[in-house]
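Take the sequences, apply the hints, and build the full model.
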Amino acid sequence: MSGRPGALPVSAELEAAPLEAHLRERLPEREDLRLTRLKRSPGGMSRETWFADVEWGPEESRQRQRLTVRTDHPHGAVMPTPLKFEHDVMKALHGTAVPVAETLWYEEQPSFLNRPLYVRDNVPGEASPKRMFADERLRSRIGRRLVELLADLHTVDWRACGLDEIMEVPKPGREAALLELEKWKRFWRETAVEPKPALAELYAWLERNAPEEVARISIVWGDVGVGNFIYRDDDIVALTDWEQAHLGDPMKDIAAALWRGIEDIVSKDELYSIYQERSGIPIDERSVEYYSAFIDAQYTTTSASVFQLFTPDSVPDVTFARLGLGISYRCLDLGLRAIGV
Amino acid sequence: MRPRPDELLRSINRSLGEVIIPNLADDWARYVARSMEKIVAHLAVRWRLELELAAEDAAELDELLRELAPALRELDGGGRLAGATAAIEARLAAAPGPPPAPDVAGVLSASEAYRATLQEVIEELESAGDDPDLRARLEPLRERIRRYLRRELDRDRVLSEPTDMLFGPPAAQPARTSS
Numbered sequence: 001m002s003g004r005p006g007a008l009p010v011s012a013e014l015e016a017a018p019l020e021a022h023l024r025e026r027l028p029e030r031e032d033l034r035l036t037r038l039k040r041s042p043g044g045m046s047r048e049t050w051f052a053d054v055e056w057g058p059e060e061s062r063q064r065q066r067l068t069v070r071t072d073h074p075h076g077a078v079m080p081t082p083l084k085f086e087h088d089v090m091k092a093l094h095g096t097a098v099p100v101a102e103t104l105w106y107e108e109q110p111s112f113l114n115r116p117l118y119v120r121d122n123v124p125g126e127a128s129p130k131r132m133f134a135d136e137r138l139r140s141r142i143g144r145r146l147v148e149l150l151a152d153l154h155t156v157d158w159r160a161c162g163l164d165e166i167m168e169v170p171k172p173g174r175e176a177a178l179l180e181l182e183k184w185k186r187f188w189r190e191t192a193v194e195p196k197p198a199l200a201e202l203y204a205w206l207e208r209n210a211p212e213e214v215a216r217i218s219i220v221w222g223d224v225g226v227g228n229f230i231y232r233d234d235d236i237v238a239l240t241d242w243e244q245a246h247l248g249d250p251m252k253d254i255a256a257a258l259w260r261g262i263e264d265i266v267s268k269d270e271l272y273s274i275y276q277e278r279s280g281i282p283i284d285e286r287s288v289e290y291y292s293a294f295i296d297a298q299y300t301t302t303s304a305s306v307f308q309l310f311t312p313d314s315v316p317d318v319t320f321a322r323l324g325l326g327i328s329y330r331c332l333d334l335g336l337r338a339i340g341v
Numbered sequence: 001m002r003p004r005p006d007e008l009l010r011s012i013n014r015s016l017g018e019v020i021i022p023n024l025a026d027d028w029a030r031y032v033a034r035s036m037e038k039i040v041a042h043l044a045v046r047w048r049l050e051l052e053l054a055a056e057d058a059a060e061l062d063e064l065l066r067e068l069a070p071a072l073r074e075l076d077g078g079g080r081l082a083g084a085t086a087a088i089e090a091r092l093a094a095a096p097g098p099p100p101a102p103d104v105a106g107v108l109s110a111s112e113a114y115r116a117t118l119q120e121v122i123e124e125l126e127s128a129g130d131d132p133d134l135r136a137r138l139e140p141l142r143e144r145i146r147r148y149l150r151r152e153l154d155r156d157r158v159l160s161e162p163t164d165m166l167f168g169p170p171a172a173q174p175a176r177t178s179s
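Chain order of the listed sequences is E and S. Quick note on numbering: the numbering used here labels position 140 of the first sequence as 140, and the sequence is numbered without any gaps. Quick note on numbering: the numbering used here labels position 63 of the second sequence as 63, and the sequence is numbered without any gaps.
Since the hints were derived computationally from the structure, they do not count as laboratory data. Errors might be hidden in some of the hints.
As the list claims (entries may be wrong) - Calculated from the model, a selection of chain S residues having no Cβ within reach of chain E, i.e. all distances over 12 angstroms:
#1 Ala25
#2 Val45
#3 Leu64
#4 Glu67
#5 Gly129
#6 Leu134
As the list claims (entries may be wrong) - Short, incomplete list of chain S residues facing chain E, as computed with Cβ under 7 angstroms:
#7 Gln119
#8 Glu126
#9 Ser127
#10 Leu149
#11 Ser160
#12 Thr163
#13 Asp164
#14 Leu166
In this text the structure is predicted, and so the values were computed from the model without any measurement. Note that beta-carbon positions come from the ideal geometry of N, C-alpha and C, so glycine has one too.
Printed below as a string of structure tokens:
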């Protein structure tokens, strides 16, 4: 596995040899760097995640590291935010009270790949809930810890870590919801392959009913759930999946946590009490209900957006069809029920 | 409903060919997967053509039988062709002509056009609703639209159930499962 990246053909797939050459170029201080294993993570659909095991140094004392490589799908992004945004959010949050993996570099146009990528350190641990669900004490501990981290995230000084430079800053009040809602509605318009009057009705309701009262503008994770954090032993060591992050109403994350089943690891009462005590931010249940319907619209939009990848010239992997068909209907159905339709 | 069945079948074949088959070590498993690939390709062609071909065939059969019946009657010597003639007459009496082939593409296209119009109407009504008086007067119509939207979703459920999917641990899902 060797070669000069510049001499390699641009590929639609992430391949070991050109990636190894890229890593050597980016990490010249690592003598005799070799890529020993490249494996795609089956989790997550918005983007591709690959684990790249590397080793380097003298034969008698080789050092090893696992890197995580994130790229868009070969067909393009399935999110309204570019890959660089996700990279920049993690870079800004690294070093705050919120544990995130350290990003190492972002490459807009790798010479060997037809899409951008970024590389980050891999945080050892597990994302799969299997072990956690088999151990009641661990499950409870992780659940409470997730709530604490959510509270810490929502009280991060986002100006101090520069998030206002990469995100729009809403005014307190309705704009906290409407700014983000407009982004998703625009994404729907740009990616829809067929009319969905039911989704138009849901978006209309969300526009009309945006919460007037917002306790504070926080950094909102946007994708709070089991599977979107890494845990090791009995602690959470990294929060992942930042592509939906934005500045807005922290109640959206509370809604997201409930939407994605946080009650399987911590009760709603505990969620509310731990969160309020640690963050000082009061829970507004009406806002939580509003954002639950918002998330229905958001997931209907993002899952249906994969349908734009089906064209006469290009038909993506069947997992895209499963995602688009499976989630978009369920979320739209739930969203309309939530608004009384 | 998008993607269309032929697009989904192509998508399955792509996954079979690019992800599954190259990673199958067992020869028999590869043979089975290759057979699946062929059948999926066959289904894609059937989706595209079967209705049209069957309609064309039924029309041609109808024409043929109608031509044969009088000819056989005329040729019938001593009743030896009576059975064949009777069979044709019974068939033609039971089905006085092949049913017209439903224009699936045409119906889907009309449905999309109607839905696009309704989507526009919903958005226009929402904008017009800035006036509280007009909003109140529009409410019965909006309610009528919502009743349609609920029926549309209920109608589509049967198509979506096989691929049903939500995020989160399975135990959390019943609470948000639609009834």
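Hints, verified against the model:
no.	hint	in the structure
1	Ala25	17 angstroms, holds
2	Val45	15 angstroms, holds
3	Leu64	37 angstroms, holds
4	Glu67	41 angstroms, holds
5	Gly129	8 angstroms, violated
6	Leu134	14 angstroms, holds
7	Gln119	4 angstroms, holds
8	Glu126	4 angstroms, holds
9	Ser127	9 angstroms, violated
10	Leu149	5 angstroms, holds
11	Ser160	4 angstroms, holds
12	Thr163	4 angstroms, holds
13	Asp164	6 angstroms, holds
14	Leu166	6 angstroms, holds
Hints 5 and 9 from the earlier list are contradicted by this structure; the remaining hints agree with it.
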